[in-house]
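Chemist: What follows is each chain in one-letter form.
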Amino acid sequence: MNAAPAVPSSPLRAWLRLAIAALTLKPEPYRHMAAEPSLRRALVIVLAVGLLLGLGQALVALPTLTRSPEAAIEAALTGFRQGLDEARTGMAGQMTPEMAAIFDTIDQGLEAFRPYLLQLAAVPAPLPAPVGRFFAWLGDWLSQPFALLAKWLGISIWILLFARLLGGRGGLLPYLAASSLSVIPHLLAIFAFIPCVGFLLTAAGSIWGLVIQYKAVTITQDLSAGRAVAAVLLPYLLLVFLLVILFTIAILLLATLIASTGAG
Amino acid sequence: MNKKLRETLRLVWRGLLLEPAAYDEAAADDNPFVEGVFLVVGIGILAGLGMLIGGLLAWATTPDLGQIKAIFLEALRNMAWYDTLRANPEALRQFERQYELGWRLGEFLAPSPSQAFLMLLLTPLRLLLSWLWFGLVAHFVARLLGGNGTLGQTMGAAALATAPQLLLIAGLVPGLAVAGIGTWTLLTRYVAVRRVHENLPWPRVLVAVLTPPVLFILIGLILGLLSIPVLAGLLGGLFA
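Chains as they are written, first to last, in this note's numbering: chain A, 1 to 264; chain B, 1 to 240.
Extracted from the complex, chain A is given alone in its bound form:
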């Protein structure tokens, strides 16, 4: 058996070695995390990944900090107009005169609204506007680790519940410690801003995360491969099932409402 990776106590290299071993599904990092179960170490991993994920988006949003309100409004209007143009192009074949008139009205409305938007941007707050922009930027960045923490904890307790129901025998802390490694592939979401490829990379990161959850379940819960797969996938199947039921109920309610309105 290979030697266990070094405890990620301080050096960056030890952390990287642990991450690479976990990503390549070597059992040692999982065993190591589960053998000395500590939520502190798990939290460090989740929060560090969350901060790095948020940093990518924060760097992309950095220019907005120094952008003047006029430039921000101009950028927003340009973006909105591009969207309208794309919709126009997309509907080129089916564009009726009425629809064209609606598009023209929106276009004219935007132009008429521009001076007011500039006035709105100049409305003062007790603190200067750049301070508000800085806090909004910082808040967006720091929200990422919390979002990742919520996602990881939320899915992990469901997986653990199903693992236990399927005969798992491991404890809560060893599983949480090992499953925290599943957030590492989510770092691929840093590239989410790249069209098409970004989406594929994000999806790949999520699937990779599930594979790591599977590894954490097999190692900490002492389950067979089939049961571990079921424990990892059942929460998602349950979610899909609940969404289908909710969607069906919503459609039925809407149909009933329309029918009763029509009858009335």
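What the hints contain is simulated information worked out from the structure, not anything from laboratory work. No experiment lies behind these values; they were computed from the predicted model shown. Some hints could be false.
Claimed, not checked - According to the in silico footprint, chain A covers these stretches of chain B (three or more CB under 8 angstroms from chain A):
#1 64-70
#2 131-137
#3 174-181
#4 190-204
All residues carry an ideal CB built from backbone N, CA and C; glycine is no exception.
Given chain A, work out where chain B should sit, using these hints.
Modeler: For chain B alone, kept in the frame of chain A given last:
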């Protein structure tokens, strides 16, 4: 820093990290109920302070809503469809009333110093009530299912399970969405009840932990349904 305070902070930190021994210590206290009150109120005050600072900063970075309301109305009045509205005095009256009502709601929800100070008072109170509700109901259910812990032990350990609420301190950065507290609290509460009623198998512990929030939601729904006629009457009066 005073030794007792340092020990308490260390206990809260260990409780946050789900260390079973920390919950044993909280449950084994001489007077877990009184200690629990101090612990929960202390956590509530710290969380409330974070929210107070965040609320004040949010207010200080929010533009004047009165001016926004006036500019927006002027913009709407200069639009083509507003002339059609002017032609119908009743429709215009309705629109102005709805506009005013919408902004009044917005002003109520917008950050303000009074709202920020209210959070400082309400957060410890909310945590205290939540702790009492959870501790009493979870203990009752755990005993009903065969648990062997005492009420004092359950209350002591449940007080420590409030530790994840400390994350609310992060709310001092306006715009920061603090997520995951609910799930984390569920985990700390699970560990608390599991340590106190150690003879219970895990599914029963889970039932004891989930009963208080489920019961709370059910009671809320029933009260909500019962209050619909009252609310309808009030809103009817407002629109009349």
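Chemist: Each of the hints needs a verdict: does it hold here or not?
Modeler: Each hint, compared with the structure:
1. Only residues whose beta carbon comes within less than 8 angstroms of a beta carbon in chain A count, and the segment 64-70 of chain B has 3; three or more means the coverage holds.
2. A count of 0 residues in the segment 131-137 of chain B with a Cβ less than 8 angstroms from any Cβ of chain A is obtained; the coverage claim is therefore unmet, three being the minimum.
3. For the segment 174-181 of chain B, the stated coverage by chain A holds: 7 residues have a C-beta nearer than 8 angstroms to a C-beta of that chain, and at least 3 were required.
4. Check on the segment 190-204 of chain B: 3 of its residues sit with their Cβ under 8 angstroms from a Cβ of chain A, so the three-residue criterion for coverage holds.
Taken one by one, the earlier hints fail for this structure only at number 2.
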